[in-house]
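Taken in order, these protein sequences are the chains called A and B. Each residue of the first sequence is one higher than the one before, starting from 1 at the first, in UniProt numbering. Each residue of the second sequence is one higher than the one before, starting from 1 at the first, in UniProt numbering.
What the hints contain is simulated information worked out from the structure, not anything from laboratory work. Note that beta-carbon positions come from the ideal geometry of N, C-alpha and C, so glycine has one too. It is possible that part of the hints are untrue.
Said to hold, decoys possible - Output of the computed footprint for chain B on chain A, the stretches with three or more beta carbons under 8 angstroms from beta carbons of chain B: (1) 17-25; (2) 36-44; (3) 121-127.
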Amino acid sequence: MSNAFSDNIRQMQTLDLQLLQSFYGDLTDEELKEVLQRFYQEAKLYHQRLLKAIAMQNVMEVIRLSHSLKSMAAITGAEQYSTLCMWIERMMRSDELDDLMELSLYLSPLWQQLELSIQAKLGPEALA
Amino acid sequence: MVKGNNYFTEAGIMLKRSFNVLVVDDVVLMCDFLHGAVNRLANCRAIKALDGKTALDVLETETIDMLITDLEIKAPDGLELIKRIRSGTLPTAHDIPIIIFSGNAYLEQVQQGIAYDVNDFLVKPMSIDALGKKVSHFLVHDKFIQPAVHYEAMYRQEQKQPKAPEKGSSHKISASIVLNDPQKKDEYKPAQEDVEEAKTEEDFLSWPDNSTTGIYQLDRRLKKLAFDLSCFHNVFVKNCKLIALETERKRACGSIDYLNYIVKNLKKRERRLDFWQKFDLQLSKLNKLAAQLQSANLRHNSLILDLLKKLSYWWSQTISRPLVQRIDDGSEKTDE
């Protein structure tokens, strides 16, 4: 499972700003930063709640949170993280609980990479 | 972009007046995205709601010309909002354009959307330009929407059905479809030895009010199929042994085969083309499901659950179309 997932995201970027631009239309640098900032603030809370839900094995909550994170991340160009959430949601919907644990190991590292990419664009103070 | 009282959107479509568009999504980022997409259009004003309750408040107090909603929002969910609008239970016009904007496009949700005549089902993510074009298009191109009573009847019927419990494990399921009708229940005595056992369970399917086909044999076969599917469901939720599930599967598939056989014979006798055309369409859907059921791995709980849900949806579709209506003098006619 984890190999299949690694293969799947290998070609993807952590944060694809061109993709973000393609969804939002032409954004100025300021607007782009604002979108990233808002994504980070909201997605961080969802991410933390998702980790908690997985630890508690709260299936419905895992489905709900991964579903929301998937779309948020996709529209922001966070391809890898969005794909991970999509896999988690799909797995939960088909009751494959065993694979969830394996996949959830990717959650924190991918989030940290995403955080770094956003930080690189916004500057360290912006994420404080 | 403004010409007299007419307004043009970015897509070049003429808007003859100003429009209020309600956008609903529980994720702030997505709600803002929708808000931005609509507000970019000339003479369109977006109103945001982050949950179903706020959306309802807006629908009750504002004049709304279009709804764009996610499905998975805090109660009432997106589908519930759509149903309430279409069935005319809100002050908002029941025939406004409705766009579903969701991260998933599961067949069941799409089918529900179709039943309530949503204008489009858009899957996230989508570009702001593409979304803007869709909004402009549906604001000026009317779609035929049935009278509110049509959706109200569907909605009422759904409300009468027992609700499915939340998903916690693969076995906690329910897919009840139609109301029980005690009078009719007494009329039909299926030749099953486990009737008593089935009565103690909440039925998966049962024969609803005023849904007679008017053709006795067909009526009987459909009832028998409902009963067998109900038994299959009960055995499945009780987590019975595989051999019991296999027996129920054979029984349900046998019922479908027999229904096909009866239809073939009835067609020769009853030459009501309109009726058979509609019924054949339903039957072909059922036969596809039967083929899947026949070859399904019974250990695969999710798959079986999915099939049961599809069969229940088939059933609700079949009975929600009054193929035959009872007429006052006691006889019956076949027409829609």
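Please verify the coverage claim for the stretch 17-25 of chain A: does it have three or more residues whose C-beta sits within 8 angstroms of some C-beta in chain B? Since 4 is at least three, the answer is holds.
Count residues of the stretch 36-44 of chain A with a Cβ under 8 angstroms from any Cβ of chain B, then say if the count reaches three. holds (count 4)
Are 3 or more residues of the stretch 121-127 of chain A near chain B, judged by a Cβ distance of less than 8 angstroms? As far as the stretch 121-127 of chain A goes, the hint is violated, because 0 residues have Cβ atoms under 8 angstroms from chain B.
Of the numbered hints given earlier, the model fails hint 3 alone.
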